[in-house]
Amino acid sequence: MIVETLTSPVILFFILGFFAACIRSDLTIPEPFAKAMSIYLMAAIGLKGGVEVASTGFTTELAAAAVTGLALSFALPVIAFYLLKSFGRLGSIDAGAVAAHYGSVSVVTFVTAIELLTNQGMKPEGFMVGVMALMETPAIITGLLLARAASKDAKQDGSGNLAHEVLTNGSVVLLIGAFVIGIIAGTEGFAPVKPLFEVGFKGVLCLFLLDMGLIAARRLLQTRKITINLAILGIILPLINGTIGTVIGTSIGLDPASAAILGVLAASASYIAVPAAMRLALPQADPGIYLSMSLGITFPFNIIFGISLCAALANFLAPITG
Amino acid sequence: MIVETLTSPVILFFILGFFAACIRSDLTIPEPFAKAMSIYLMAAIGLKGGVEVASTGFTTELAAAAVTGLALSFALPVIAFYLLKSFGRLGSIDAGAVAAHYGSVSVVTFVTAIELLTNQGMKPEGFMVGVMALMETPAIITGLLLARAASKDAKQDGSGNLAHEVLTNGSVVLLIGAFVIGIIAGTEGFAPVKPLFEVGFKGVLCLFLLDMGLIAARRLLQTRKITINLAILGIILPLINGTIGTVIGTSIGLDPASAAILGVLAASASYIAVPAAMRLALPQADPGIYLSMSLGITFPFNIIFGISLCAALANFLAPITG
Amino acid sequence: MIVETLTSPVILFFILGFFAACIRSDLTIPEPFAKAMSIYLMAAIGLKGGVEVASTGFTTELAAAAVTGLALSFALPVIAFYLLKSFGRLGSIDAGAVAAHYGSVSVVTFVTAIELLTNQGMKPEGFMVGVMALMETPAIITGLLLARAASKDAKQDGSGNLAHEVLTNGSVVLLIGAFVIGIIAGTEGFAPVKPLFEVGFKGVLCLFLLDMGLIAARRLLQTRKITINLAILGIILPLINGTIGTVIGTSIGLDPASAAILGVLAASASYIAVPAAMRLALPQADPGIYLSMSLGITFPFNIIFGISLCAALANFLAPITG
Amino acid sequence: MVATVQRKRIEILLDTPLVPRMIEIIKKVDISGWSLIKIASGGSRAERWDHDEVTGAAAKSIILMIANEEKTNQLADAIAPLLESYGLLITIGNVEVVRGDRF
Amino acid sequence: MVATVQRKRIEILLDTPLVPRMIEIIKKVDISGWSLIKIASGGSRAERWDHDEVTGAAAKSIILMIANEEKTNQLADAIAPLLESYGLLITIGNVEVVRGDRF
Amino acid sequence: MVATVQRKRIEILLDTPLVPRMIEIIKKVDISGWSLIKIASGGSRAERWDHDEVTGAAAKSIILMIANEEKTNQLADAIAPLLESYGLLITIGNVEVVRGDRF
Ligand SMILES: Nc1ncnc2c1ncn2[C@@H]1O[C@H](COP(=O)(O)O)[C@@H](O)[C@H]1O
Ligand SMILES: Nc1ncnc2c1ncn2[C@@H]1O[C@H](COP(=O)(O)O)[C@@H](O)[C@H]1O
Ligand SMILES: Nc1ncnc2c1ncn2[C@@H]1O[C@H](COP(=O)(O)O)[C@@H](O)[C@H]1O
Ligand code: NA
Ligand code: NA
Ligand code: NA
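Note that the protein sequences, when read in sequence, are chains A, B, C, D, E and F. Residues 1 to 322, numbered by our numbering, are exactly what the first sequence covers, in order. Residues 1 to 322, numbered by our numbering, are exactly what the second sequence covers, in order. Residues 1 to 322, numbered by our numbering, are exactly what the third sequence covers, in order. Residues 1 to 103, numbered by our numbering, are exactly what the fourth sequence covers, in order. Residues 1 to 103, numbered by our numbering, are exactly what the fifth sequence covers, in order. Residues 1 to 103, numbered by our numbering, are exactly what the sixth sequence covers, in order.
Derived from the structure by calculation, the hints contain no laboratory data. Nothing here was measured: the structure is a model prediction, and the numbers come from that model. Take these hints with a grain of salt, some might be off.
[Stated by the list, open to error] Pair ranges (Cβ atoms, derived):
#1 D101(F) to A78(D): 38 to 46 Å
#2 E4(A) to Q120(B): 18 to 26 Å
#3 E70(F) to R89(A): 17 to 25 Å
#4 P20(E) to F74(B): 42 to 50 Å
#5 S55(A) to A318(C): 27 to 35 Å
#6 N94(D) to R102(F): 44 to 52 Å
#7 V2(E) to T227(C): 39 to 47 Å
#8 T227(C) to E70(D): 33 to 41 Å
#9 G121(B) to P81(D): 28 to 36 Å
#10 P20(F) to A63(C): 50 to 58 Å
#11 P81(E) to H164(C): 52 to 60 Å
#12 I228(B) to S55(A): 41 to 49 Å
[Claimed, not checked] Lysine to aspartate or glutamate pairs mimicking EDC-like chemistry, simulated, CA-CA at most 16 Å apart:
#13 K225(B) to E11(D)
#14 K35(A) to E198(B)
#15 K28(D) to D50(F)
#16 K35(C) to D50(F)
#17 K194(A) to E198(B)
#18 K28(F) to D77(F)
#19 K38(F) to E84(E)
Ideal Cβ positions, reconstructed from N, Cα and C, are used throughout, including at glycine.
Here chain A stands alone, though its shape is the one from the complex:
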């Protein structure tokens, strides 16, 4: 599957962006255009997920996946935190901030995974969009608690504000909002607006991943804050989390595609909702570290290898449990 991955235009555009940044090309995607694409992609997957749920109805699988997703987002930062402190040699504040990123999820990794899996005949359930939205924020709480338990410098100021800021984060609101609109509108109501969200989707994903390639490589090239050990953790953490996610997903009875997606969600690290929250809640934590690990290492690793590995694991586990 990795070969198929590497010849998909979606991935090739990511590689093009990464390559362009490495040869220090001045290619840039204007920031408002990138934001626009990200809004489009979130609206599209939210709507599509909601429309699917409207036609399949609420199932026990949906409930199980939702609860599992929440639990994973709360729990995964704990493992990450201890590895980041011990093997990564980070202080408690930085470790807590990075851990929160790894408990949360990356929307683009999710979308790319849906694309790659669907192309190979593995179609995940529509409700996984909702699971993703649920997984975005709990990790922030765990990350903060870990940092605060271990360090007196991580002051409590503004916790009330933070809860509000996290729950009303633009991407969370847009994803859940579009998901609910999809449920209300249903297949029929969705039909008139469908063309834009169907026709453009994969092409926009290409251009968006072109930008992500540029951003990921520039992060890596411009930072001086990533040690070898942190770089290794940027690969080990998605492997651990991806395995946990896929195994638990399979064990709660999800089909292989959805189990793989749960693995991808666990493996992915946030680069939108969590960094902004950490800048507010743990201003002493160094953004150079968490952005470089999340965007510069884990994101490319997941796009090129992680997704395929979760899919392979899910397919391997399916006959065992099924």
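Got chain A sorted already, so can you dock chains B, C, D, E and F with the ligands onto it with the hints?
What follows is chains B, C, D, E and F with the ligands alone, placed relative to chain A:
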């Protein structure tokens, strides 16, 4: 029809935006993206209107609607002006500025109305786009004359400039330009470029209304300049103007859909061309008042209730006159 | 063909933009939106060209066209340089800078030419995209050498940097990258992302040319640096270069459509890659001159007349050589 | 060391729709040039606004100019009548300018 | 000639996500207004960043304020505890302000 | 009251394509950091330009730096040879800086 309105994705996205701003989410649509969508929508409706006129030809109905539209735009600010001064307790300058907004039109309200009506089998004439373009500017002249007649502070400086600035306003030029291009190109010439303007239209309208919801609610929340009486006028003025527009539209022989659209145009208040003109021509007028009334109150009211009311009235009147 | 050209929506939008700027309308296309459209257009033509080459394979014609394109880009600035110095009365530095623009190519002129020719049943080869990418940069070298040979002020500082900056120029990397992705993905791999790049193409081109019309006319109106002689050269140079390109294209055995496109490439003047390079390599050269000639005169001339003339010439030559 | 001269750095904060009018005035005073910076958002005691609006009417910009003292005074006098109605905010600071003979 | 008064021009360079917190502090000090300018990119000895990122967490802005000396001092005191952890950069300059009674 | 120190506020207005070259020079002088602000449009007596162009060649930016006097002088000397050909506009003002030991 209001129930159908409220389950259309277009309207649901508006509500989502409004809701997101109310819970003080940080969701924002990048400004250049919003401008791009507005340019796209205006080019699309201009082109489609022109292509339709190219195939139906110039009719007496078209001429009647154009003349009526112009007359309405000139006349409606007068009613508004006196209500704003008496019931709204505004000074002459502010009243003149607000009145100009209510005589002019809102492009997005127009587009949304076309969408909602067409979905319910009421298809307005293509030439109504041209009528809308004609209605954008006359109200500015009336509003200014009213303010100047009543106040010595509303100086005459730069009237020559103003005429130029109003007639060459970007949205007026784009709308009329695309309309003319549609007429020249005709159905056949339009065919190759049609896909973009057809496929994307309703989806773009969704995302644009998401932004309008955010803007409308933020206006309302951030201003302290709207009194209860002004808020009431923000609802009464579209009711009065919408009724006048629909009744006159029916009486000049327009089909119910087009009559309803004329009503919607009369009911709607400008938030692009007129505010910019007022900032120049009546700099003493407070933008906080006219933007909050037009964007914060009248726009949402029209989107959710006004359009349906005009349609209901046009359908009620049709058998009487027809 | 010029009549057909003038009633195509693509060209009509260009004229609308030009007209809007002439009446000093405040219509503007937000810059990030224009950049986004330019990225979209380059990705689309790169991909399509690559996919075509993937299905036709590498041919001798392709090799001949590539070599010819490179040679033209190296050679054409020489003619331009002497005309600019003698007839145009420019100093060596300005003449070298302008000459580089005329040796290089304009992506939008190329795309518009493909559109107009294809509409008239003349379909150029897919590999012409690659030829265009190759022609972007050699002219920069010639232009610099000419300026430096003739003037001691044109210092050598940063030549090493310059080679890097020119070869990694964003538009060059994107065009060649998308072209290579098209070759790797092939027709089948391209299929899923095709909708966005097909459906939107001509409509986006309309909106982009609207912006180009605005920019071209504003350049002309705002500059005071263009003499009558320079304006004449802005029309004579594309005539000379276009004739050379079309004749050579025909003589190396290209089909009439591809020969016409080679002519258009020769006739067109760069306004992205070269201006940026000149600002760095010849900072003393006046950007007011080269941008006004390239964007304000040659670009509109080519869009409205040059493309048609190259096509007519190629069709006239075809039976002679064929 | 490079020679510098003292000049005035003038900032005018104003509504974007008013910029063309202000440029006309600046040209009349014959100031050598101007540069425009967009304000992304802002607020006063009463209100808060964001640039992110479809209507440009609420957008604000800063016009930045370097000029000598004489021109600065002329400009301030030329703008004075508009101050109240246009709601302008004008600040004038001292700066050292390299290559200052141009201003 | 128009009358001017002396005021302080305060610039606070900070991470965009922290802007709302800073505005709250500014409002407490009761400064009359503020304007926000986006920074497109920047760098220090260690790192370089661009605004062009999907994640807004790395974006930076300048909050620009005009205030009298008293308010300026109050603001500086109110911000002092955040200086280190927020990584703020604050500069205060003197400017002449036309219509300065508002500040 | 918080302690402040006096530093220089340097603004270099230049063509955006030249920014990377200028950053290299700034790094050589070892100034602690820089921030870039985009200019939306501008004009001189001869011409007027807008940032809204597909070609970035006409775009302009301001590089903003805070530095101590010594570094400022070094920078001015390092840039001097480019002044004419690059068409730079450099202004240097005095500001009080909180947390000024970094510069
Ligand atoms: N006195 C000035 N104050 C502020 N900006 C200026 C000034 N003079 C020139 N500029 C800016 O520098 C650009 C180029 O000016 P010039 O080099 O004179 O053609 C102008 O378009 C303005 O953006
Ligand atoms: N003291 C100030 N410092 C900086 N900007 C200000 C100040 N006061 C007002 N502004 C800006 O000017 C705009 C309008 O202010 P006002 O005219 O007081 O409503 C505000 O939204 C701010 O962007
Ligand atoms: N001396 C300086 N002058 C202007 N901006 C600076 C300076 N130092 C730092 N910055 C800005 O502040 C950001 C963060 O700097 P630092 O906190 O040193 O990592 C940089 O990326 C610059 O945008
Ligand atoms: Na995760
Ligand atoms: Na109206
Ligand atoms: Na050429």
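Hints and how they fare:
The given range of 38 to 46 Å is respected by D101(F) and A78(D), whose C-beta atoms sit roughly 43 Å from each other. Restraint check, E4(A) to Q120(B): a C-beta distance of roughly 46 Å breaks the suggested window 18 to 26 Å. At about 37 Å, the beta-carbon gap between E70(F) and R89(A) misses the expected band of 17 to 25 Å. Between P20(E) and F74(B) the C-beta distance comes to about 45 Å, which sits within the given range of 42 to 50 Å.
One distance hint, 27 to 35 Å for the beta-carbon pair S55(A) and A318(C), is violated here, with the actual separation near 57 Å. Distance hint check: the CB atoms of N94(D) and R102(F) are about 25 Å apart, inconsistent with the given range 44 to 52 Å. Restraint check, V2(E) to T227(C): a C-beta distance of roughly 43 Å satisfies the suggested window 39 to 47 Å. A C-beta distance of roughly 34 Å is found between T227(C) and E70(D), which places it inside the suggested range of 33 to 41 Å.
Here the CB-CB span from G121(B) to P81(D) is close to 58 Å, at odds with the stated 28 to 36 Å. The given range of 50 to 58 Å is broken by P20(F) and A63(C), whose C-beta atoms sit roughly 36 Å from each other. The hinted window of 52 to 60 Å between P81(E) and H164(C) is violated, with their beta carbons roughly 46 Å apart. Distance hint for I228(B) and S55(A): a CB-CB separation of about 46 Å, consistent with the stated range 41 to 49 Å.
At most 16 Å may separate the alpha-carbon atoms for a hinted pair to count; K225(B) and E11(D) exceed this at roughly 28 Å. For the hint pairing K35(A) with E198(B), the CA-to-CA distance comes to about 24 Å; that exceeds 16 Å, so the pair is violated. Taken as a hint, the K28(D) and D50(F) pair is broken in the structure, with Cα atoms around 21 Å apart against an allowance of 16 Å. For the suggested pair K35(C) and D50(F), the alpha carbons sit about 15 Å apart, so the restraint of at most 16 Å is met.
Between K194(A) and E198(B) the CA atoms are separated by roughly 12 Å; this keeps the pair inside 16 Å, and the hint holds. Restraint check for K28(F) and D77(F): the C-alpha separation of about 12 Å stays at or below 16 Å, so the hint holds. Our distance criterion of 16 Å between C-alpha atoms is broken by K38(F) and E84(E), whose separation comes to about 28 Å.
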